[in-house]
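S.K.: Using the sequences and the accompanying hints, generate a full structural model.
Line by line, the protein sequences are chains A and B.
Position 41, counted from 1, in the first sequence is what the numbering used here calls 41; the numbers after and before it change by one each time, with no gaps.
Position 123, counted from 1, in the second sequence is what the numbering used here calls 123; the numbers after and before it change by one each time, with no gaps.
Check the hints yourself; a few may be wrong.
As the list makes no split between identical chains, a pair holds if one copy fits it or if it spans any two.
Claimed, not checked - BS3-like, lysine-lysine: derived pairs with alpha carbons at most 27 Å apart: (1) Lys354 x Lys254; (2) Lys254 x Lys2; (3) Lys284 x Lys329; (4) Lys329 x Lys263.
No wet-lab data here; the hints were simulated from the structure.
In this text, all values refer to a predicted model and were calculated from it rather than measured experimentally.
Residues per chain, in single letters:
2 protein chains.
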Amino acid sequence: MKFATLLRKAPEWMIHDGPHRDIVLTSRIRLARNLDGSTFPGYARKDDRVALMTALQPKIESLPEMKDSFSEDLGNLDAIRKQALVEKHLISREHAAKAGGSAAVINREQSLSIMINEEDHLRMQSIRSGLDLRAAFAALDRVDTELDGLVNYAFDQRYGYLTACPTNLGTGMRASAMLHLPGLVLSDQVNQVITAVNKIGLAVRGLYGEGTEALANLFQISNQHTLGEREGDIIARLEKVIEQVIGHEQNARKKLLEDAPHKVLDHVGRAYATLCFAHILESKEALTHLSMLRMGCDLGMFPGMEAKLIDTLLVEIQPAHLQIGAQRKLNAEERDILRAEVLRRRLAGFPEPKTDVAAGPPPEDPPLI
Amino acid sequence: MKFATLLRKAPEWMIHDGPHRDIVLTSRIRLARNLDGSTFPGYARKDDRVALMTALQPKIESLPEMKDSFSEDLGNLDAIRKQALVEKHLISREHAAKAGGSAAVINREQSLSIMINEEDHLRMQSIRSGLDLRAAFAALDRVDTELDGLVNYAFDQRYGYLTACPTNLGTGMRASAMLHLPGLVLSDQVNQVITAVNKIGLAVRGLYGEGTEALANLFQISNQHTLGEREGDIIARLEKVIEQVIGHEQNARKKLLEDAPHKVLDHVGRAYATLCFAHILESKEALTHLSMLRMGCDLGMFPGMEAKLIDTLLVEIQPAHLQIGAQRKLNAEERDILRAEVLRRRLAGFPEPKTDVAAGPPPEDPPLI
Numbered sequence: 001m002k003f004a005t006l007l008r009k010a011p012e013w014m015i016h017d018g019p020h021r022d023i024v025l026t027s028r029i030r031l032a033r034n035l036d037g038s039t040f041p042g043y044a045r046k047d048d049r050v051a052l053m054t055a056l057q058p059k060i061e062s063l064p065e066m067k068d069s070f071s072e073d074l075g076n077l078d079a080i081r082k083q084a085l086v087e088k089h090l091i092s093r094e095h096a097a098k099a100g101g102s103a104a105v106i107n108r109e110q111s112l113s114i115m116i117n118e119e120d121h122l123r124m125q126s127i128r129s130g131l132d133l134r135a136a137f138a139a140l141d142r143v144d145t146e147l148d149g150l151v152n153y154a155f156d157q158r159y160g161y162l163t164a165c166p167t168n169l170g171t172g173m174r175a176s177a178m179l180h181l182p183g184l185v186l187s188d189q190v191n192q193v194i195t196a197v198n199k200i201g202l203a204v205r206g207l208y209g210e211g212t213e214a215l216a217n218l219f220q221i222s223n224q225h226t227l228g229e230r231e232g233d234i235i236a237r238l239e240k241v242i243e244q245v246i247g248h249e250q251n252a253r254k255k256l257l258e259d260a261p262h263k264v265l266d267h268v269g270r271a272y273a274t275l276c277f278a279h280i281l282e283s284k285e286a287l288t289h290l291s292m293l294r295m296g297c298d299l300g301m302f303p304g305m306e307a308k309l310i311d312t313l314l315v316e317i318q319p320a321h322l323q324i325g326a327q328r329k330l331n332a333e334e335r336d337i338l339r340a341e342v343l344r345r346r347l348a349g350f351p352e353p354k355t356d357v358a359a360g361p362p363p364e365d366p367p368l369i
Numbered sequence: 001m002k003f004a005t006l007l008r009k010a011p012e013w014m015i016h017d018g019p020h021r022d023i024v025l026t027s028r029i030r031l032a033r034n035l036d037g038s039t040f041p042g043y044a045r046k047d048d049r050v051a052l053m054t055a056l057q058p059k060i061e062s063l064p065e066m067k068d069s070f071s072e073d074l075g076n077l078d079a080i081r082k083q084a085l086v087e088k089h090l091i092s093r094e095h096a097a098k099a100g101g102s103a104a105v106i107n108r109e110q111s112l113s114i115m116i117n118e119e120d121h122l123r124m125q126s127i128r129s130g131l132d133l134r135a136a137f138a139a140l141d142r143v144d145t146e147l148d149g150l151v152n153y154a155f156d157q158r159y160g161y162l163t164a165c166p167t168n169l170g171t172g173m174r175a176s177a178m179l180h181l182p183g184l185v186l187s188d189q190v191n192q193v194i195t196a197v198n199k200i201g202l203a204v205r206g207l208y209g210e211g212t213e214a215l216a217n218l219f220q221i222s223n224q225h226t227l228g229e230r231e232g233d234i235i236a237r238l239e240k241v242i243e244q245v246i247g248h249e250q251n252a253r254k255k256l257l258e259d260a261p262h263k264v265l266d267h268v269g270r271a272y273a274t275l276c277f278a279h280i281l282e283s284k285e286a287l288t289h290l291s292m293l294r295m296g297c298d299l300g301m302f303p304g305m306e307a308k309l310i311d312t313l314l315v316e317i318q319p320a321h322l323q324i325g326a327q328r329k330l331n332a333e334e335r336d337i338l339r340a341e342v343l344r345r346r347l348a349g350f351p352e353p354k355t356d357v358a359a360g361p362p363p364e365d366p367p368l369i
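M.R.: Structural data, given as structure tokens:
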């Protein structure tokens, strides 16, 4: 698959409606693996990395799951194209900083992506719409098992899979879900929830992972520990917590509609209006408005507007996507103008927000995790 | 004329299109007069003030210009009604603070209003649409001459009309125009213009006169001095300066459209959108957006939308007008919700802003005053 095709094609997770899609955008599983007897990428010489990549890449491409995949040495992609892969959540920001000697193999559905020579020799990711960590794990587990038959993983009886960073030792697994929590943010409850989630050993991060800001009211919840617990147990525990957070978000939205309907209508109305009529839009502001539009959409204020349109826009309005669309480098000012233009065009024709979204009485709030 | 009629009726200056109405909302003349041998209102005893008012009010009502006028002792108007008269620019904020013993007489067209026992025994105002100081003065001069035949003005050969505050001595006249200067504000030139205007002895004030903020990009320019110059000369000088400011504003708008069309479209588009879709709107924010809408209207971005609608809204969304409309006292939160509702209703049905407002090359900027 060519890069242009990859970029044009919507990933499976955007098109399909997974469980709890109104609140959980995606579920992701990442496995870290290394080859026995080879130096970790951060310490290996360039020709060793190239040799390892050259040996690994065809093996990955040969897997049935990776048929017709996009497979490329990062040395062949310019900065904007690599950034576009980050914006689509297909490679990590760290991987995008790599050049020759590192590669990415991504399947047609963009549900599986395998990075070669990131921090580890192999970083494999499976992504699904909604809250569907088990399905995401099952898909990646098959790939992992198949690869295990083709290469020799660095594995220790006591420490499990060996990884460049000790925080990944053991299962080498990071399971995460991206949650949209505008209700908790608007009702000033989100920090309470984050604190509670952190206390039980889970991490909460921003839109693009570790060290990034929570934009568009999107929060990534993931396991911190990879050692001493089985994959299935980690996932089950994470899933349970996420379901509780979903419950809190649902209640927060219902309560907001009940107690402060004007506030909800105001936030959603202004967001819709700005997206439809602004001519200069910075990324951060656009994301904030898209979050409110997404909430309005979930609340039934925009009949005919689907969540997947908004989820697509969250990616489409990012800098690299805009520049590839324009087929040239754009400075920040030009991007802000183009971003507003794209949003006006994509949101044209939808009817104005409905203002009669009545809420039933809010349910009892369950205990805080 | 009853208070309800006065409030419902649009003032003449809102309906008519005076010269330069795109930039000059109104021209106003105010004359301060006192009766010979009577103590100034600030020093008079209440029964003296009542006696003077009781003697003056019927004389004013009897003038041909004041036929069928609204004429009321302020003691008979509650705070909200008095505030509504301030919002319509019919009485001063200071006069609204007065109670029994002070009165207001306002003609049917609301082009003439006469305050009894404000700071002076008589404060008479004439108001016109656009830049039309001469017509405003001519109308008030007739009233002044007629009254001069009915009462004995305090007048000194050397100091002219005697007034409670020495800054009004002489002509007792304040001539002013309310200018809408969004172009100069957006292009960061307005402070330069204000400084230049101040330097030549004119005052620049906010929407509701002395000590008020410049809201909605509205600036009132008036004479500072009342002594030693004839009325006609003061007006001619003021008019000349205002015409220069108009020129600067026109150039600023043209240059903005030429150099930063996206910025103009962005400001106007966001303003329109927020006014049409917000559900909570504070007064200050609403005024800011109405200013941008007015500019868009002047630039031809809203065919079918007339400046007078927006000028009417500038008054209609003020706190007292909202509360009289709702027929009850409203707290700030309730007013913000009602304000948004009024604006959504009044702006519904207008087509979306046109975005093809092309500008010709900007003209040479004349020297700064």
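S.K.: Hints first: check each against the structure and report whether it holds.
M.R.: Against the structure, the hints come out as follows:
{"no.": "1", "hint": "Lys354 x Lys254", "in the structure": "within (16 Å within a copy, 38 Å between copies)"}
{"no.": "2", "hint": "Lys254 x Lys2", "in the structure": "neither (45 Å within a copy, 47 Å between copies)"}
{"no.": "3", "hint": "Lys284 x Lys329", "in the structure": "within (20 Å within a copy, 39 Å between copies)"}
{"no.": "4", "hint": "Lys329 x Lys263", "in the structure": "between (39 Å within a copy, 21 Å between copies)"}
In the structure shown, a violation is registered for the earlier hint numbered 2 alone.
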